[in-house]
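> This is what each chain is made of:
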Amino acid sequence: MIDLADTATPAAAIMNEPPYDELVLEARNVDFFYGKNQALFGVDLPVRRNAITALIGPSGCGKSTLLRVLNRIYALYPGQRAVGRVVLDGEDVLHEQRRLPWLRKRVSMVMETQTGADPIEEEQVLRVGTDLARLRARVGMVFQKPTPFPMSIYDNIAFGVRIYHRKSKAEMDEIVETALRRAALWDEVKDKLHSPGLGLSGGQQQRLCVARGIAVEPEVLLLDEPASALDPISTAKLEETLVELKKDFTVVIVTHNLQQAARIADYTGFMFLGRMIEFGPTNDLFLQPKSDKTRDYVTGRFG
Amino acid sequence: MLGRDFLRNLVNRLFITACLLATVAAITALVFILWSLVVQGIGGIDLDVFTKDTPPPGSEGGLLNAMVGSLMMCAMAMAIAIIVGILAGTWLAEYGGHTRYGAVVRFLNDVLLSAPSILVGLFVYELLVRPFEGFSGYAGAVALAFLATPIVTRTTEDILNLQSHALREAGIALGTPKWLVTRKIIWRAAGAGLLTGGLLGFARISGETAPLLFTALNNQFFSADMTKPMASLPAVIFQFALSAYDDWRRLAWAGALIIAVVVLSINIIVRFIAREKKHA
Amino acid sequence: MNAFNSGDEGFTPSPRSSAGDTASLRPPVRGAWFDPIFEYLCLSAATLLLASLGGLVISLAIGGWPALSHFGWSFFTSTTWNPVTDVYGAAGAIAGTLITSFVALALALPVAIGIAVYLVEFCPRAIARPIAIAVELLAGIPSIVYGMWGLFIFAPLFAEYVQMPLMMNAAPGSLAEKLFAGIPNGANILSASIILSIMILPYMAAVLRELLMTVPPQVREAAYGLGCTPFEVVTSVIVPYIKRGMIGVVMLGLGRALGETMAVTFVIGNAHGFPDSIFASGATLASTIANEFTEATGDLHTSALIALGLVLFIITFTVLALARLLLSSQKY
Ligand SMILES: Nc1ncnc2c1ncn2[C@@H]1O[C@H](COP(=O)(O)OP(=O)(O)OP(=O)(O)O)[C@@H](O)[C@H]1O
Ligand SMILES: [Mg+2]
Numbered sequence: 039m040i041d042l043a044d045t046a047t048p049a050a051a052i053m054n055e056p057p058y059d060e061l062v063l064e065a066r067n068v069d070f071f072y073g074k075n076q077a078l079f080g081v082d083l084p085v086r087r088n089a090i091t092a093l094i095g096p097s098g099c100g101k102s103t104l105l106r107v108l109n110r111i112y113a114l115y116p117g118q119r120a121v122g123r124v125v126l127d128g129e130d131v132l133h134e135q136r137r138l139p140w141l142r143k144r145v146s147m148v149m150e151t152q153t154g155a156d157p158i159e160e161e162q163v164l165r166v167g168t169d170l171a172r173l174r175a176r177v178g179m180v181f182q183k184p185t186p187f188p189m190s191i192y193d194n195i196a197f198g199v200r201i202y203h204r205k206s207k208a209e210m211d212e213i214v215e216t217a218l219r220r221a222a223l224w225d226e227v228k229d230k231l232h233s234p235g236l237g238l239s240g241g242q243q244q245r246l247c248v249a250r251g252i253a254v255e256p257e258v259l260l261l262d263e264p265a266s267a268l269d270p271i272s273t274a275k276l277e278e279t280l281v282e283l284k285k286d287f288t289v290v291i292v293t294h295n296l297q298q299a300a301r302i303a304d305y306t307g308f309m310f311l312g313r314m315i316e317f318g319p320t321n322d323l324f325l326q327p328k329s330d331k332t333r334d335y336v337t338g339r340f341g
Numbered sequence: 110m111l112g113r114d115f116l117r118n119l120v121n122r123l124f125i126t127a128c129l130l131a132t133v134a135a136i137t138a139l140v141f142i143l144w145s146l147v148v149q150g151i152g153g154i155d156l157d158v159f160t161k162d163t164p165p166p167g168s169e170g171g172l173l174n175a176m177v178g179s180l181m182m183c184a185m186a187m188a189i190a191i192i193v194g195i196l197a198g199t200w201l202a203e204y205g206g207h208t209r210y211g212a213v214v215r216f217l218n219d220v221l222l223s224a225p226s227i228l229v230g231l232f233v234y235e236l237l238v239r240p241f242e243g244f245s246g247y248a249g250a251v252a253l254a255f256l257a258t259p260i261v262t263r264t265t266e267d268i269l270n271l272q273s274h275a276l277r278e279a280g281i282a283l284g285t286p287k288w289l290v291t292r293k294i295i296w297r298a299a300g301a302g303l304l305t306g307g308l309l310g311f312a313r314i315s316g317e318t319a320p321l322l323f324t325a326l327n328n329q330f331f332s333a334d335m336t337k338p339m340a341s342l343p344a345v346i347f348q349f350a351l352s353a354y355d356d357w358r359r360l361a362w363a364g365a366l367i368i369a370v371v372v373l374s375i376n377i378i379v380r381f382i383a384r385e386k387k388h389a
Numbered sequence: 083m084n085a086f087n088s089g090d091e092g093f094t095p096s097p098r099s100s101a102g103d104t105a106s107l108r109p110p111v112r113g114a115w116f117d118p119i120f121e122y123l124c125l126s127a128a129t130l131l132l133a134s135l136g137g138l139v140i141s142l143a144i145g146g147w148p149a150l151s152h153f154g155w156s157f158f159t160s161t162t163w164n165p166v167t168d169v170y171g172a173a174g175a176i177a178g179t180l181i182t183s184f185v186a187l188a189l190a191l192p193v194a195i196g197i198a199v200y201l202v203e204f205c206p207r208a209i210a211r212p213i214a215i216a217v218e219l220l221a222g223i224p225s226i227v228y229g230m231w232g233l234f235i236f237a238p239l240f241a242e243y244v245q246m247p248l249m250m251n252a253a254p255g256s257l258a259e260k261l262f263a264g265i266p267n268g269a270n271i272l273s274a275s276i277i278l279s280i281m282i283l284p285y286m287a288a289v290l291r292e293l294l295m296t297v298p299p300q301v302r303e304a305a306y307g308l309g310c311t312p313f314e315v316v317t318s319v320i321v322p323y324i325k326r327g328m329i330g331v332v333m334l335g336l337g338r339a340l341g342e343t344m345a346v347t348f349v350i351g352n353a354h355g356f357p358d359s360i361f362a363s364g365a366t367l368a369s370t371i372a373n374e375f376t377e378a379t380g381d382l383h384t385s386a387l388i389a390l391g392l393v394l395f396i397i398t399f400t401v402l403a404l405a406r407l408l409l410s411s412q413k414y
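Residue numbers (my numbering), protein chains in the order written: chain A, 39 to 341; chain B, 110 to 389; chain C, 83 to 414.
Okay, chain A solo, but in the shape it has when bound (with noise of 0.2 Å):
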């Protein structure tokens, strides 16, 4: 059995060479409720730019619940409540605060000062404004459970670049060819463009949803579980497109597969009960964990 002795007090994650220099993203300190059920506690998450960072843990940790946390999807459900920062470049997209903007400035100026900030800088990050759609743009997610829309291949992609920007006919097709061809998808689909993509294989629908994913220009793409319910072949070539992709994006996948965590991913944080119990780069978390609820966990001894 697990030593349960300090869920009272949550102990602070720890927290191997994390990448603060060069963050896209930061979870901290973040509570997240269902209803009632408290299900992260405290959680950190920091998310370097240009690379794969893993979240694993046993079923029901809260790896999934963190994702959503981070495009906010689960304010789609009344009852759900998360508190704590989630900074997405150096902007607060937790707390949204539209409604008054020139409080949130006083607010901030006021914390600057106290912080030493650039107020300068801080004005910057002001202007662009918290708009929940448009976070979920950046902030890009795939699902564990293939997603097609009920519509083509092509208007799958199209669909997403369609909310933001008006484009002819030639600039659509480059996207979705772009688009596919980063998802190592083009070359199976190239005929049959407009055909449903609810036809693909259960591999190939999930690398059209990465592909309409990253065809909107996200900064980071999270994924849960995308390979659960993929054949070896199609996860392979899933992994090679999310290492491809970590050129030009941002990569989180929550995943089961301690493998697959150790073959991609650059940093790796591990979870358990709703906690972040050590973060690091990969390598360290797999071969030097600091916890011993981490050794365990690699070693294959409980989950």
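Mixed in with the good hints there might be a few duds.
[What the hints assert, rightly or not] Taking lysine-lysine and the DSS-like style, the derived pairs with C-alpha atoms no more than 25 Å apart in a straight line are: (1) Lys228/A to Lys205/A; (2) Lys284/A to Lys183/A; (3) Lys230/A to Lys285/A; (4) Lys275/A to Lys285/A; (5) Lys275/A to Lys230/A; (6) Lys293/B to Lys183/A; (7) Lys207/A to Lys183/A; (8) Lys228/A to Lys161/B; (9) Lys161/B to Lys337/B; (10) Lys205/A to Lys293/B; (11) Lys207/A to Lys284/A; (12) Lys293/B to Lys207/A; (13) Lys230/A to Lys161/B; (14) Lys230/A to Lys205/A; (15) Lys228/A to Lys275/A.
[To be verified] Chain C residues, not near chain B, derived (Cβ > 12 Å throughout): (16) Ala190; (17) Pro247; (18) Val297.
[As the list claims (entries may be wrong)] Partial selection, computed: residues in chain B whose CB lies under 7 Å from chain A: (19) Leu283; (20) Gly284; (21) Arg297.
Honestly, the hints are just simulated from the structure, not real lab data. Yeah, the Cβ is synthetic: ideal placement off N, Cα and C, and Gly gets one too.
Given chain A, work out where chains B and C with the ligands should sit, using these hints.
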């Protein structure tokens, strides 16, 4: 001990036999109804039925004006019912269904679903006929719309609730505004189901008589003017069946057969769509 | 210093790179402005449904008010319905409605239960499905078809083979003679009830069948495992399991029968007053409205008919509301 088991078996046998008998009797009665409908109606169906208007007693004629009237009023009613019903069903499934107000709306919609249709006729009479001093095709269409809307609402909510959360989330995760996710993804994914709701609503109202009696009334002549009283198949059947003229009764049977065939075909199509969907 | 473990106040935004700037220039979402409007439209549609039911009640109340205030309580207790003298009482029609509906229910329920149980528990799979489909299809046949069938096919047969012999053979002065008195034309309370029961039968059987299918197989298996006969399984395990739902189905069938117009109007004989035998002609609330409304002469007559509508609404609403509450608590 043996006697008790014997009794138990006997009771069991009797029970099963009774159930079987009930089934056979009911099926027989219903087959008998359909059979006499076909026998009585088929003789009256000829080209005239589809090309001539309702005749004065004792002369030749058909049901053309009644069929056109029925089609026009049903079409308009369905247009209203589909718009209102799909929006209301969408609200229940996607927006406010979990609230207290949503529960009230759902409950009253269920009540409306089986409310007596004649009351809807009275209501629309008070609403549209009395104030405007005249029966009209519009009033008939509105009355039918009141009957079809709850059906469309109910099926829409049920079908949308069957769509996966993952699909909604995938749409939202692209930054799509919720209404676009609903319209372009969820409605499309639920397309066959929404169609089913519309068809069921249409099947329900195409045979409705009571609400038309005080709203569209009837019209001996051909009229496509919806501001005037309008003929409809059910109203003509009602009038002709209760008359003493053989020609009229023959037409009434023909009309009843036509309605029954239409309604049955729609229901069969609906099953077919539902089956296709399941297999896909 | 570890920025992550310092207090909440000490949060510093991380350095922003060029990618962040391009993100800030991302164009706004197209069509986002329509979001609240769309939600509002959907809400309005839902509210329209609510308002239509409200409007229905209010218009019936307003339309029926002159008659109700003119006759007071006697509107509900008097059996006189006379357009010539302009005196209206609803008791006859209320009685006709309740009698036909309950007799129809009493006839249809056992048969519907028999069909549903047979189809779900005993029937070979291969024929159960087609029969079930046929039953469901028949539930959709418009009631006017049942009405015509009742008038032209059923009523003559009924008069000849049931009504006449019973009347002929009833001993003079006996209870039977009183019970069976009436014009032997087949248009009476009992035939209306029978037609009604045939009409609600497929509907009730279809809903009951769905209800039976919600019983988990484990429940059945557990009972069979104790050595129960199929009859015992049905009566002691399955029926209790769906009890509330069954009451709901009964109420739904009743609601249909109460409000049914066409199937009844054709065969009830349309006579006002309190029916004095099951073979007497009668009227229901709905049939009276259907027959007289367009020909109503005076305002009081029209108002009285609308008041009948209000009574019908109150009765059916109560029944339907109870049905829905019972069915929803069954989670069916
Ligand atoms: N919709 C919900 N309502 C209530 N509790 C929930 C909900 N979704 C998840 N939970 C709870 O939150 C906790 C974390 O769940 P989460 O789905 O994040 O786990 P996970 O790490 O992704 O597990 P898995 O590996 O099985 O996907 C679990 O205890 C779960 O029971
Ligand atoms: Mg998960």
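> Please list, smallest to largest, the hint numbers that this structure does not respect.
3, 7, 8, 11, 13, 16
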